[in-house]
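*Asks:* Chains as they are written, first to last, in our numbering: chain Y, 1 to 359; chain H, 360 to 697; chain Z, 698 to 992.
Mixed in with the good hints there might be a few duds.
[Claimed, not checked] Label-pair distances were calculated between CB atoms; the ranges are:
(1) H:Leu690 with Y:Thr13: 37 to 43 Å
(2) Z:Leu888 with H:Gln545: 54 to 60 Å
(3) Z:Ala713 with Y:Gly40: 58 to 64 Å
(4) Z:Leu983 with Y:Ala221: 32 to 38 Å
Simulated from the structure, these hints should not be mistaken for laboratory data. Think of the CB as a built atom: it goes at the ideal place given N, C-alpha and C, for glycine as much as any other residue.
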Amino acid sequence: MAAAVELEGVNVTFGDFVAVRDANLVIEPGEFFSFLGPSGCGKTTLLRTISGFIEPTHGTVRIGGQDMKGIGPNKRPTALIFQNLALFPMMTVAENIGYGLRVRGVPRHERDEKVKNLLIQVALSEHGHKRVSELSGGQKQRVAIARALAVEPSVLLLDEPLSALDLKLRQHMRAELRAIQKRVGITFIYITHDQGEALTMSDRIAVMNAGVIEQVGDGRAVYAEPRTPFVASFVGENNSIRGRVTEVSDGMATMDTSLGILRGRNPIGIAPGDEALLFVRPEAMQLHANGSTVGFEGEALDVSYEGSVTHVTLRVRTGQKMMATVHAGAGVALPVAGENLHVGFQPGDGLLLHRPASA
Amino acid sequence: MSGASGLYVVIGLPLIVALLFFALAWFDRRFGIETGPGFFQRNGLVIGLYLVLSVGFWAFFIIVLPQLAMVDMSFRPKLPPAQMGGPRDLYTLENYRYFLFGSTTSTENWNWLHIKAFFLTIFVSIAITILNFAICYPLAFHMAQSSTTARLRVLLLLLIIPYWVNEILRAFAFRVLLSTSGIVNQALLGSGLVAEPVDFLGADVGLYMGLSYAYLLMMIFPLFNAIESLDKNQIEAARDLGAPWWHIHAYVVMPHAKPGIASGCTLVFMLCAGALAAPLVLGGPRTLWFTPIVYDRFYQAFNWPQGAAYAFILLVTCVMFVLLMLKAFKLSLGEITR
Amino acid sequence: MKAGLAHRLIFAVYIAIFFIYLLGPLAVMGVSAFNTPQYPQVWPFEAFTLEWFGLLFADADMMYGLRTSLWIGVLVVAISVPIGLAGAIIMTQITARLRSTYYLIVVSPVLTPGIIIGISTVVFWRQFTTVTGTRFLYDGIFLTVLGQASYISAYCMLIILARLQRFDRAQEEAALDLGATYPQVFRHILLPFLKPALFSSAILAFLASFENYNTTTFSILADKTLTTVLAGRVRQGSTPAISALAVIIVAATLVGALAYEIWKRRSDKTAKERSRIARAAEEAELAGEAQPLPA
């Protein structure tokens with residue numbers, strides 16, 4: 001079966017500014033796929049390129065195996081949910097949902113039937129006659145989704161749809177969106193800057209930075225096996241230590257750092273003598289070292305008790321600050337501010353990545 | 360140069376400009392940083408055509424070409440229709456010469472009547488502009504800053520009503536008021552302030568008051584709009600700092616309201632200088648006002664080229680006034696049109 | 698201004714004088730329309746009469762002028778609103794470099810004295826129709842409509858532009874994304890959004906055309922409108938029939954303003970009701986009563 005969306009060497013430039021650089025990607029049908037990255041990384045540009053509002057400067061966009069060059073947004077089998085939803089204020093909820101069918105010339109009774117079904121699907125069956133200005137935030141979201149589903153797209157694109165909602169509602173809507181996607185079975189392409197959202201909702205994630213797709217993988221891959229320093233520090237919190245590789249064996253590496261000799265995993269195979277960054281997640285940091293860990297000295301600067309977890313900010317010999325997370329539990333001793341700790345981590349929890357020139 | 364070629368120049372010139380326009384737009388698209396769909400792609404063919412044709416027709420046939428034709432005619436001699444475009448139809452300055460010297464050929468005597476009327480018109484128009492500004496500013500300020508919305512709507516309504524009664528009737532109302540047997544004179548006689556009825560109309564006072572009255576609204580609205588956009592807090596802040604009220608107006612309110620002031624002044628000046636109805640209704644045989652003189656060139660002297668020349672003089676004056684206003688207030692054109 | 702009592706008093710007096718100055722002449726004229734003497738007179742008020750209104754309606758020229766003015770008004774609206782709309786749309790799409798020249802050209806009629814517009818329209822079309830053999834176009838109504846349309850289209854454009862600039866482009870894109878063609882987007886999305894501006898510019902266009910004199914008096918050629926007939930009557934002499942006309946116009950404006958006020962209050966009420974419903978729904982949602990999706 002043809003891929004849902006295929007990007008081949010896609011470049012989008014505006015004058016001198018490169019918004020998307022050399023994007024190559026295959027998204028499978030039925031996937032919930034997310035683009036994750038900070039503002040300005042190019043994810044919105046990429047979304048609009050897939051929708052057809054922007055033509056790539058170089059490269060090809062294929063949807064359902066078909067080249068989309070020269071095909072405008074109104075002719076593509078995609079539907080876009082805008083960040084501000086863009087519902088039509090002069091139409092009722094039912095008219096909004098039925099709009100895509102109306103412009104395709106679907107006869108009225110058939111249209112009304114479909115709209116009724118969609119209203120039931122998004123649990124708004126009593127609200128069809130209302131105006132957009134009478135709806136709450138969550139209700140408007142559902143109208144936007146129903147409106148997009150009405151035209152039966154093969155790919156549904158969502159541009160940070162939950163960013164305007166408040167926290168509890170956002171979490172509720174995340175579950176709803178996932179449920180809708182599972183039920184309808186369409187490919188969802190979702191963009192967000194909130195990595196918690198991306199991790200909980202997606203089958204696979206593409207992490208983007210400054211126009212480049214740095215890594216594509218499922219949640220586990222992106223969190224536990226980042227392949228670039230950006231991905232390692234953007235997805236979740238991470239501590240990084242600079243050093244030089246001295247020895248390599250069995251997928252592990254030994255590093256000479258300003259904090260002492262440390263060890264970690266070396267999945268990408270950095271050679272001895274190269275500069276590298278050693279990443280350790282805060283939850284992997286142990287505050288009272290024992291024999292099996294590699295460690296260094298640190299002073300607890302700040303201890304933030306948050307109930308289920310406690311965040312500890314440490315300062316090490318070189319002046320660098322690090323984060324450690326301690327989970328609550330019986331017999332767990334929490335440090336106090338100012339206490340000197342001998343912190344450590346299992347070598348298996350450390351990850352070596354190439355150090356970029358600027359780091 | 361033959362006047363017959365006039366029409367071709369009149370049509371040709373703007374056509375060349377339009378072509379340059381499109382060439383520039385195409386160039387910009389090709390080599391500039393504009394992205395996104397092109398004009399016809401974005402609007403669809405039918406609507407794109409509608410847009411281009413309507414605006415094209417408007418800009419050329421309704422705005423630019425008539426003006427050029429008028430200017431062109433002002434440089435041509437007065438000829439019966441049969442001889443127009445013929446050998447005697449040569450470009451000439453005789454119409455302008457008439458304005459200055461009262462004759463198309465000799466430059467011996469100045470055309471005092473017309474010249475005086477011209478300068479008087481300008482001078483009085485400026486005076487009326489200043490007068491209207493002084494009258495309207497306090498009310499505009501009050502409406503913009505202090506009124507509640509309910510009261511505002513009422514005030515706006517009261518202001519608009521006299522405006523829809525057209526200017527002829529507005530001038531007529533003044534005639535009724537100020538005539539020798541009108542109510543003002545009756546009151547003056549009755550209270551013993553004067554022994555004889557005062558001839559307001561003959562002294563042109565009626566005309567000037569009538570002109571000022573007619574265009575009050577054109578001054579209030581731009582002022583109101585401009586002052587309304589001023590953040591009340593600025594005035595409060597100035598007051599808190601101890602500034603006296605005249606200081607606040609001179610240094611906080613008026614600088615912010617500059618576009619409105621310039622707009623209002625330009626409109627009032629232009630309407631006064633170009634006023635036809637009020638001088639007709641409120642003026643007498645001895646009244647000197649420029650625009651009726653222009654009118655007469657057409658319908659009394661039947662000399663269209665001359666009328667065109669006079670009209671062009673009026674146009675140039677108004678344009679100069681606008682430019683002066685923009686310069687003095689350091690504004691651009693876009694800022695003064697509401 | 699300081700809120701001192703003296704200031705407030707002076708200000709109240711100023712406002713009173715201002716509105717007396719503004720409305721007084723009209724009131725005076727209004728009274729004279731009902732007074733018997735043949736010359737418009739307010740004092741003494743001799744007897745109440747409606748004969749001047751009768752005279753007004755019996756004036757054939759005046760009635761003819763009225764019909765012509767109404768017809769011209771309709772034509773001007775039919776031309777100026779579409780042109781104004783096109784002008785506004787182009788203004789939002791034109792490249793920045795050309796924008797100020799474009800603006801200068803289309804807004805210039807607003808700053809041009811009316812008689813010059815009238816004169817230039819006649820001069821140009823006389824030449825043009827002679828040269829192109831379309832002499833039948835050289836007609837008072839045609840020329841008046843074009844002359845008035847030059848500046849009235851600019852008014853319409855400015856009104857529509859103000860509204861257009863608040864248009865959310867995302868709606869246009871959403872419609873396209875759902876499969877609409879460009880003409881459909883224009884018809885279904887853009888025009889309904891602009892409806893209030895189109896409506897108010899149409900009304901403004903009609904009224905501005907109806908009351909115009911300076912341009913019309915040149916462009917109407919041998920024909921007549923209400924304003925040109927009126928000017929003629931006023932020059933010949935004054936009868937209270939003219940005052941009667943003013944009374945009718947003021948009355949019509951008042952009725953119009955009242956109708957607008959009523960309509961505005963009603964639409965305000967609807968808007969308030971709608972946002973109340975939305976707020977209630979928001980609160981229900983936050984309280985966790987959001988409906989779950991059917992299984």
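*Asks:* If a hint holds in the structure, say so; if it does not, say that too.
*Replies:* Taking the hints in turn, this is what the structure says about them:
Separated by about 38 Å at the C-beta atoms, Leu690 of chain H and Thr13 of chain Y satisfy the suggested range of 37 to 43 Å. For the pair Leu888 of chain Z and Gln545 of chain H, the supplied restraint of 54 to 60 Å holds, since their beta-carbon distance comes to about 57 Å. Restraint check, Ala713 of chain Z to Gly40 of chain Y: a C-beta distance of roughly 60 Å satisfies the suggested window 58 to 64 Å. Taking 32 to 38 Å as the suggested C-beta distance range, the pair Leu983 of chain Z and Ala221 of chain Y conforms, at roughly 36 Å.
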